[in-house]
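Engineer: Listed below, chain by chain, are the residues.
Number of protein chains: 2
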Amino acid sequence: MANSVRAANPVLVEVTRGKIVESRHCGAVAVFDAEGKAVLEIGDTQRPVFPRSAVKAIQALPFVESGAADAFGFGEREIALACASHSGEPEHVALALSMLERAGLGEEAYECGAHWPTRQEATVKLAQGGGAPGAAHNNCSGKHAGFLCTCRHMGIDHKGYVALGHPVQEAVREAMEAVTGAAHSTDLCGTDGCSIPTYAVPLQSLARGFARLATGNGLGRERARAAGRIIAACMAEPFFVAGTKRADTVMMQMGKGRIFTKTGAEGVYCAAIPERGLGIAVKCDDGAGRGAEVMVAAVLAGLLGKDDPLAAELDGLARPTLRNWRGIEVGGMRPAVALTETMT
Amino acid sequence: MANSVRAANPVLVEVTRGKIVESRHCGAVAVFDAEGKAVLEIGDTQRPVFPRSAVKAIQALPFVESGAADAFGFGEREIALACASHSGEPEHVALALSMLERAGLGEEAYECGAHWPTRQEATVKLAQGGGAPGAAHNNCSGKHAGFLCTCRHMGIDHKGYVALGHPVQEAVREAMEAVTGAAHSTDLCGTDGCSIPTYAVPLQSLARGFARLATGNGLGRERARAAGRIIAACMAEPFFVAGTKRADTVMMQMGKGRIFTKTGAEGVYCAAIPERGLGIAVKCDDGAGRGAEVMVAAVLAGLLGKDDPLAAELDGLARPTLRNWRGIEVGGMRPAVALTETMT
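Protein chains in written order, with the numbering used here: chain A, 1 to 344; chain B, 1001 to 1344.
Just chain A, same shape as in the assembly (with noise of 0.2 Å):
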């Protein structure tokens, strides 16, 4: 049997039909606390992991520490939107222009692509009244709502504002460099879906990361304030995190001020227990949020522990039923003994 160069994580999730094991997520985890101290690693977690969307909160920090956020008079929904990979149901799209409107831009400025939305009875509803998607569709169209607000505040031509090198992402990469304290040089350098640069970094500093941001250790007075205020806003709006049956919005109702986590593209998952100072972060190898999800959800459950009634509900998520056309159940998804055996 021949082996390829980099060996694959162990099997951390398994899913099943009916006895069977049908199919395996092997991963990486990574849990650390505020003074960077590892708390938990499996898998490898030094391997750069593009983060993609799970680090919307820290992209996030320019908008809110710039000033743009209360110069526009925004509140938590639009916070939380700006740190969202939304479903493009009707309230996140129209939130999201509205964003755009007090800034006096319109949905053209928007350079992150068009998409039907996520959510499929989305699409389908926007279809039937014989609409068409536009950018502010887009999942990440929070997020450029909060670039382009960041740049008409601060008096930035907003042109060209997706690309490597214009001062709105020269201040998210200061940004993400400072919260995860890992080096972001061009050539971990990729081009993320929406457009706009992302950078390869260890899983260990993005749990790191999200560890400092959900306590502010270490990040000086200012960003310590504005990031407090970002994962309050996630924690406080979830459904404007996500949406509708979304993982990102139904832990977060569940958690009720107690747990910040937020997916990326090709199964990234980061999240925080503020209350334990813990940031955690984990990749499913294969890109598979549905993988992901139940990475995150077990790994929250185990940190939580088993006293807690948290713990329950996401250890639940964590094992989820799968139902086939007609509804009736036909296997499922849990972690597998990799995960269990570590967090218990």
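Since the hints were made in silico from the structure, they are not lab data.
One or more hints might be untrue.
Computed from the model, here is a short list of chain A residues facing chain B with C-beta under 8 Å [claimed, not checked]:
| # | residue |
| --- | --- |
| 1 | Glu-174 |
| 2 | Gly-190 |
| 3 | Gly-291 |
Positions of the beta carbon are idealized from the N, C-alpha and C atoms, including for glycine.
Assemble chain B onto chain A, guided by the hints.
Structural biologist: Positioned in the frame of chain A, the structure of chain B alone reads:
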């Protein structure tokens, strides 16, 4: 680092972004000849795998062998659709309904469940026209039309035709056992997305089965003839096996009658090269269709060999470019070294 009870198979596919490998798909590959001899094996090919829709061509044997296909005057298009996981495009839906009509049945006879078309463009058009999805839009509606027509031709009550123990499912099980040579016992049985039984069998047995199906070797005269008609129909009408821009359609269009391919849910792919008497079965461990597509295209290209122009076309499919919402090239997919070094 903790390890799972069952180790992951080797990394066979890499997904890149910028200069970095962003995600990795593990998997197993089995290639067997019609004598049942192994030509190539990567990973654990004895592990039971649910073949799901990848074996629809075998599941269609009773439909042809019973004489149902001929009795209702069906040609290659209908036989191809009976083997399809189609995209729910208008041509697929119309053909499925016309098959039922010839057997004196309507859409209400279906027991596969309804879902919006797999192809988003088809969903949008259906919604724009004020339509709603029915069971004929289910990607398995052609296979179910085959089951229903078989019932009608044989004078069997079609009610409950999806259930374990129904004569049609027993005939399918018998055909699956005969062609793959693997026992199909109840403890290996799960329920498929379209509600029929699916049995987990070793990847080895699937590869052997497709070598037999494509050559007729060891199947007996009548079954061999039916198998030949089914494989020929799929290769002649590849649009009706999948749909616009789908991998099966594209590969069989490229193949011009030289290769048979069929995808299944959860990362299974079966294929055959009739002129070489080879059957191929791959499983992407994590269930990703994109991973399985690269694996099967790379394996087919490798088996055909560098001097074959078809191999170059398939190798291109095994190295797709990934673009973002604005059409910017952001990365790609490629066979990993464990696959390329075995194939050369």
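Engineer: All the hints need checking, so say for each whether the structure fits it.
Structural biologist: We went through each hint and held it up to the structure:
1. Glu-174: violated, 20 Å
2. Gly-190: holds, 3 Å
3. Gly-291: holds, 7 Å
In the structure shown, a violation is registered for the earlier hint numbered 1 alone.
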